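A.B. asks: One letter stands for each residue in the lines below.
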Amino acid sequence: MTPMKELRVQLEVLRYNPDTDTEAHFQRYDLTCPEEWVVLDALNKVKESIDPTLNYRWSCHMAVCGSCGMMINGEPKLSCHTFVRDYEGSVIRVEPLAHFPIERDLVTAPDDFMEKLKRVKPYIIPKEKKPISEGEYKQTPAQLMKFRQYSMCINCMLCYAACPEYGLTPEFIGPAALTLAHRYNVDSRDGGRKERQEVVATHEGVWECTFVGACSEVCPAHVDPASALQQMKITSSIDWIVEHLIPGGKS
Amino acid sequence: MSRRPLVREVPPTSWYFRHPRYMRYMSREITSIFVGAYCVLLVVGLQRLAAGPVAWEAFLAALKNPASIVFQFLALVAAVYHAATWFNATHKAMPVQIGEDFVQPGVISGAHYVVWLVLSFVVLYLAGVF
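These protein sequences, in sequence, are chains A and B. Under our numbering, residues 1 to 251 are what the first sequence spells out, in order. Under our numbering, residues 1 to 130 are what the second sequence spells out, in order.
Check each hint, because a few of them may be wrong.
What the hints assert, rightly or not - Taking lysine to aspartate or glutamate pairs in the DMTMM-like style, the calculated list, with each CA pair at most 25 Å apart, reads: (1) A:K146 x B:E100; (2) A:K127 x A:D239; (3) A:K194 x A:D112; (4) A:K45 x A:D112; (5) A:K121 x A:E208; (6) A:K146 x B:D101; (7) A:K138 x B:D101; (8) A:K194 x A:E103; (9) A:K233 x B:E100; (10) A:K127 x B:E100; (11) A:K118 x A:E134; (12) A:K233 x A:E134; (13) A:K138 x B:E29; (14) A:K47 x A:D112; (15) A:K146 x A:D112; (16) A:K194 x A:E243; (17) A:K233 x B:D101; (18) A:K118 x A:E48; (19) A:K121 x A:E198; (20) A:K127 x A:E195; (21) A:K130 x A:E195; (22) A:K47 x A:D86; (23) A:K233 x B:E29; (24) A:K118 x A:E204.
The set of hints was computed from the structure by calculation and includes no laboratory data. Just so we're clear, the structure is a prediction, and the values are computed from it rather than from any experiment.
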């Protein structure tokens, strides 16, 4: 077995302590680590052996929980999914997710996203409620495929950190929450689209999106929020045409 | 422990310099200026045509001015870039599902290019180019 290659890693981490700081500042950490390590491993080493005051969120270490999103050299990434060897020879600049308030060091406040998530009613609102005795709501594989990719969202908020519209207009409901609205709208078991339209088909909803497409480029779960939002613009436009231009039409 | 989150503002006029993908987005948005300006040129042309043969001939002569040719060339490049980037994104706005599978993005975008080509030939034919 060949010995593990060790890499010299230089991390430049944005620090902010709400008790003592008025501004954030970068702090440099030099360390060596095996080449198969990810940025999160390097941060763990810093916390364990160099600076125990460093704060960041993580949990699963396998790109499932969506907790460890950070800006790595300006790109929103899961730090457990980003290998240090891809940055060999250069400084790795680690910052908290862009467009979110910094709580402390690399920890951001997700309150705004959580609030928006609730507003789109991301759960099945059955077309017709039926008693359990009538059995389950059945679905064909084709009906499942219609929304399956949108159900893969892990709420990591990388798409919000990538979206310039959200950065400039924080009222924007944003990619992940709107994509979840779409996920339930196109579910054959759901009948809640009209309720969700009150949030979706508004200026802060899909119409704030200008199709930059950054959300889909950074999604670690290969969801395509840009696609979901453009599809919702089309259905919302059809609703408007039916309601306003067709006599007797109701959306 | 106090809770005093630090908000970092996004620079409203220079944010797109932060990442190449934002620059790509803005370059596409800027093509709209040329496309819009060319539309104005067409409307002016229609107005000149309605004003009579002398006005129309003067308009055609103005189009042959070197500055006008440079503008028309830039507008053509901008329109082609705008159209191509739009066609390349159509599969996102209009995914087509057949059974359990989705039609390949290239097929949807490709269909738009084919229609574009056919319509362009029709327009050129009607204009008497062939």
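A.B. asks: Give a verdict on every hint.
C.D. replies: These are the hints, each one checked on the structure:
1. In summary, the hint linking K146 of chain A to E100 of chain B is supported, as the alpha carbons are separated by about 8 Å, within the 25 Å threshold.
2. Using a Cα cut-off of 25 Å, the hinted pair K127 of chain A and D239 of chain A holds, with the two alpha carbons roughly 19 Å apart.
3. A hinted pair counts as satisfied when its Cα atoms are at most 25 Å apart, and K194 of chain A with D112 of chain A qualifies at roughly 23 Å.
4. For the hint pairing K45 of chain A with D112 of chain A, the CA-to-CA distance comes to about 31 Å; that exceeds 25 Å, so the pair is violated.
5. Between K121 of chain A and E208 of chain A, the direct Cα distance comes to roughly 19 Å. Compliance with the 25 Å bound is thereby established for this hinted pair.
6. Taking the CA atoms of K146 of chain A and D101 of chain B, the gap is near 9 Å; set against the 25 Å cutoff, the hint holds.
7. Proposed proximity of K138 of chain A and D101 of chain B is supported: the alpha carbons are some 19 Å apart, at most 25 Å.
8. The suggested pairing of K194 of chain A with E103 of chain A is violated, with an alpha-carbon distance near 36 Å, which exceeds 25 Å.
9. Taking the CA atoms of K233 of chain A and E100 of chain B, the gap is near 24 Å; set against the 25 Å cutoff, the hint holds.
10. Of the supplied pair hints, the one linking K127 of chain A and E100 of chain B holds, its CA atoms being roughly 23 Å apart against a limit of 25 Å.
11. Our distance criterion of 25 Å between C-alpha atoms is broken by K118 of chain A and E134 of chain A, whose separation comes to about 29 Å.
12. A C-alpha spacing of about 36 Å is found between K233 of chain A and E134 of chain A, which places the hinted pair above 25 Å, so the restraint is violated.
13. The straight-line distance between the Cα atoms of K138 of chain A and E29 of chain B is roughly 45 Å, outside the 25 Å bound, and the hint therefore fails.
14. Our distance criterion of 25 Å between C-alpha atoms is broken by K47 of chain A and D112 of chain A, whose separation comes to about 28 Å.
15. Using a Cα cut-off of 25 Å, the hinted pair K146 of chain A and D112 of chain A is violated, with the two alpha carbons roughly 29 Å apart.
16. About 13 Å separates the Cα atoms of K194 of chain A and E243 of chain A, which keeps this hinted pair within 25 Å; it holds.
17. Straight-line distance between C-alpha atoms of K233 of chain A and D101 of chain B comes to about 23 Å, which keeps the hinted pair within the 25 Å bound.
18. For a cut-off of 25 Å, the pair hint linking K118 of chain A to E48 of chain A is broken: about 37 Å separates their Cα positions.
19. For the hint pairing K121 of chain A with E198 of chain A, the CA-to-CA distance comes to about 11 Å; that is within 25 Å, so the pair holds.
20. For the hint linking K127 of chain A to E195 of chain A, the alpha-carbon distance of about 12 Å falls within 25 Å, and the restraint holds.
21. Pair hint K130 of chain A plus E195 of chain A holds up; C-alpha atoms about 20 Å apart against a cutoff of 25 Å.
22. Of the pairs offered as hints, the one joining K47 of chain A and D86 of chain A holds, with about 22 Å between alpha carbons and a cut-off of 25 Å not exceeded.
23. Restraint check: the Cα-Cα separation between K233 of chain A and E29 of chain B comes to about 19 Å, which is no more than 25 Å; the hinted pair holds.
24. Straight-line distance between C-alpha atoms of K118 of chain A and E204 of chain A comes to about 15 Å, which keeps the hinted pair within the 25 Å bound.
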